[in-house]
Amino acid sequence: MDSKNQEKTLDELWDNTIFKAINCYREGKYNEAAELAKLSIDIAKKAYGKDSTKVAVSMNNLSLIYEVQGNYSEAENLSIKALAIWEKILGSDNSDVATSLNNLAGIYVSRGKYKEAEPLYKKSIEIKEKLFGPSNIELATSYNNLADLYRLQKKYNEAESLYLKSIDIFEHNKDKSSSIASALNNLAEIYKIRGNYSEALKLHKRAFEIWKNSLGPDHPDIATAINNIAGIYYLEGNQVEAEKLYKEVLEIDEKAYGKNHHFNAMTFNNIALVKEAMGAYGDAEKYFKEAINLSEKTLGENHPSIVTFVNNLAGLYRAREIYPEAEYYFKKGILILEKAFGVKNPDVAMAMLNLAEMYESEGKIEEAKRLSDSAKSIYKKILK
Amino acid sequence: MAKILIVEDYKDLSEFYQEFLDEDTLLIASDGEEAVSLYKENKPDIVMMDLKLPKKSGIEATKEIMKIDPSAKIIAITAYGSTIGSKALEAGAKEVLRKPIRFNELRDTISKYKSL
Numbered sequence: 407m408d409s410k411n412q413e414k415t416l417d418e419l420w421d422n423t424i425f426k427a428i429n430c431y432r433e434g435k436y437n438e439a440a441e442l443a444k445l446s447i448d449i450a451k452k453a454y455g456k457d458s459t460k461v462a463v464s465m466n467n468l469s470l471i472y473e474v475q476g477n478y479s480e481a482e483n484l485s486i487k488a489l490a491i492w493e494k495i496l497g498s499d500n501s502d503v504a505t506s507l508n509n510l511a512g513i514y515v516s517r518g519k520y521k522e523a524e525p526l527y528k529k530s531i532e533i534k535e536k537l538f539g540p541s542n543i544e545l546a547t548s549y550n551n552l553a554d555l556y557r558l559q560k561k562y563n564e565a566e567s568l569y570l571k572s573i574d575i576f577e578h579n580k581d582k583s584s585s586i587a588s589a590l591n592n593l594a595e596i597y598k599i600r601g602n603y604s605e606a607l608k609l610h611k612r613a614f615e616i617w618k619n620s621l622g623p624d625h626p627d628i629a630t631a632i633n634n635i636a637g638i639y640y641l642e643g644n645q646v647e648a649e650k651l652y653k654e655v656l657e658i659d660e661k662a663y664g665k666n667h668h669f670n671a672m673t674f675n676n677i678a679l680v681k682e683a684m685g686a687y688g689d690a691e692k693y694f695k696e697a698i699n700l701s702e703k704t705l706g707e708n709h710p711s712i713v714t715f716v717n718n719l720a721g722l723y724r725a726r727e728i729y730p731e732a733e734y735y736f737k738k739g740i741l742i743l744e745k746a747f748g749v750k751n752p753d754v755a756m757a758m759l760n761l762a763e764m765y766e767s768e769g770k771i772e773e774a775k776r777l778s779d780s781a782k783s784i785y786k787k788i789l790k
Numbered sequence: 057m058a059k060i061l062i063v064e065d066y067k068d069l070s071e072f073y074q075e076f077l078d079e080d081t082l083l084i085a086s087d088g089e090e091a092v093s094l095y096k097e098n099k100p101d102i103v104m105m106d107l108k109l110p111k112k113s114g115i116e117a118t119k120e121i122m123k124i125d126p127s128a129k130i131i132a133i134t135a136y137g138s139t140i141g142s143k144a145l146e147a148g149a150k151e152v153l154r155k156p157i158r159f160n161e162l163r164d165t166i167s168k169y170k171s172l
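Chains as they are written, first to last, in the numbering used here: chain A, 407 to 790; chain B, 57 to 172.
Please note that a few of the clues may not be correct.
Claimed, not checked - Pairs of lysine to aspartate or glutamate residues, derived as EDC-like cross-links and limited to a Cα-Cα distance of at most 16 Å, are as follows:
(1) A:K529 with A:E493
(2) A:K611 with A:E595
(3) A:K775 with B:D68
(4) A:K786 with B:E71
(5) A:K560 with B:D164
(6) A:K787 with B:E71
(7) B:K168 with A:E564
I should point out that these hints are in silico values taken from the structure, not numbers from a laboratory. Since this is a predicted model, take the numbers as computed values, not measurements.
Please put together the full structure from these sequences, using the hints given.
Now the structure itself:
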């Protein structure tokens with residue numbers, strides 16, 4: 407094969423690989439997507455050289471996949487490399503550079519590096535405003551991302567105004583993609599915090615419809631949308647509807663991730679909370695135990711995320727005055743916290759005080775005092 | 057700086073909150089009646105309300121405070137699960153935290169309502 411033909415073949419191969427990677431990513435098949443994205447980097451390097459824009463595109467894609475998978479340090483490295491290639495080849499006022507800035511900022515947000523993220527988002531918005539004008543859909547995504555950052559920083563007014571701007575642009579462009587759904591969903595979260603549940607529910611339902619139409623009914627993001635609606639019903643006291651929806655979440659997630667994925671544990675826990683609120687204590691107990699067993703199986707017996715489920719079950723027993731069981735699970739919670747964070751930790755002290763309070767209400771005054779003294783000695787050391 | 061009313065009848069836990077939330081102005085109540093009266097006098101920004109309290113329950117105190125000030129930001133705290141938790145939400149609490157609370161969860165929740 408001559409070199410021109412070989413280049414054409416590599417070109418097609420790169421296109422094809424990227425296309426497949428994006429499809430897998432959209433379908434939530436992240437491992438396959440990552441393998442394809444890695445392959446596309448190798449192809450691009452071979453075909454166009456290591457500093458070509460196609461290498462940057464492939465690196466950027468892989469970085470987004472790693473981010474979804476929670477592999478943030480690799481995602482950050484790749485995103486920085488991609489940004490450097492784009493800036494070198496295209497200069498700073500370019501839409502690919504803006505996208506790359508946006509992606510890197512997103513990774514910083516995932517890593518909790520909020521201060522590093524904000525100027526990147528702002529720079530990305532500045533470039534897009536200059537290149538596309540104020541109503542371009544690209545800008546809506548950037549407003550949305552900066553709004554997400556402000557929401558995380560609890561700057562709710564700033565976040566609300568950017569979400570509204572972003573939704574306006576999406577609507578102006580008649581966009582029905584998952585991006586407008588994200589903006590609606592996140593604005594709903596702000597209304598929820600403010601206690602405006604009816605507005606929050608309306609927005610969550612709009613987001614759900616858009617996600618369902620754009621992603622299909624079995625995509626894991628649909629489960630998140632349903633979960634959010636269920637959460638509002640729970641807060642409103644509509645436990646029947648909340649339970650129905652949490653069970654739908656479970657069904658979708660089990661289909662997407664399998665029955666043995668730790669995501670399902672949180673849904674078991676949520677169903678248990680609903681059952682408990684309804685007074686169906688036996689069912690609540692069963693679901694809390696499902697959450698604990700599944701987490702122990704998938705994350706290990708001493709994973710800190712199990713503590714919530716263990717304490718919730720203990721709380722259920724305590725409310726029903728089944729003290730030995732409550733004591734067993736509260737102690738289990740304390741042990742996990744100690745193993746995960748060490749003894750000198752405020753969560754350990756708080757958990758000990760909680761158990762001490764239960765002992766006191768049972769009339770076990772000496773045990774209560776002993777435990778409370780231990781808790782005090784822990785937090786005095788922390789405060790020193 | 058936010059003014060926080062801590063309503064907790066278990067003295068050792070109340071002391072713990074006071075030690076760890078020392079950057080805020082704290083008001084301390086150990087029963088539901090005292091909570092309502094301190095709310096009336098001081099209009100705190102946030103109330104951390106234990107639900108099982110002597111004299112007047114946390115649910116009753118929440119209802120009374122919401123009558124005085126419908127915009128009150130009350131975070132209900134309970135060791136007794138979501139049955140009582142859902143009653144607190146009905147009474148007007150913004151959120152329910154279950155004991156034992158994780159320290160970051162407490163800080164995060166307080167900071168969320170400080171920002172509103």
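Are the Cα positions of K786 of chain A and E71 of chain B separated by 16 Å at most? Within the cut-off at roughly 11 Å; holds.
Going straight from one Cα to the other, do K529 of chain A and E493 of chain A come out at no more than 16 Å? 13 Å, holds
Would the pair K787 of chain A and E71 of chain B pass a check requiring their Cα atoms to be no farther apart than 16 Å? Satisfied, since the Cα-Cα distance of roughly 15 Å is no more than 16 Å.
Sort out whether E595 of chain A lies within 16 Å of K611 of chain A, counting only the CA atoms. 12 Å, holds
Straight-line alpha-carbon gap K168 of chain B to E564 of chain A, limit 16 Å: 14 Å, holds
Between K775 of chain A and D68 of chain B, does the CA-CA distance stay at or below 16 Å? Holds - the C-alpha atoms of D68 of chain B and K775 of chain A are around 10 Å apart, at most 16 Å.
Do the alpha carbons of K560 of chain A and D164 of chain B lie within 16 Å of each other, as the hint requires? It holds: about 10 Å lies between the C-alpha atoms, which stays within 16 Å.
Of the numbered hints stated above, none is contradicted by the structure.
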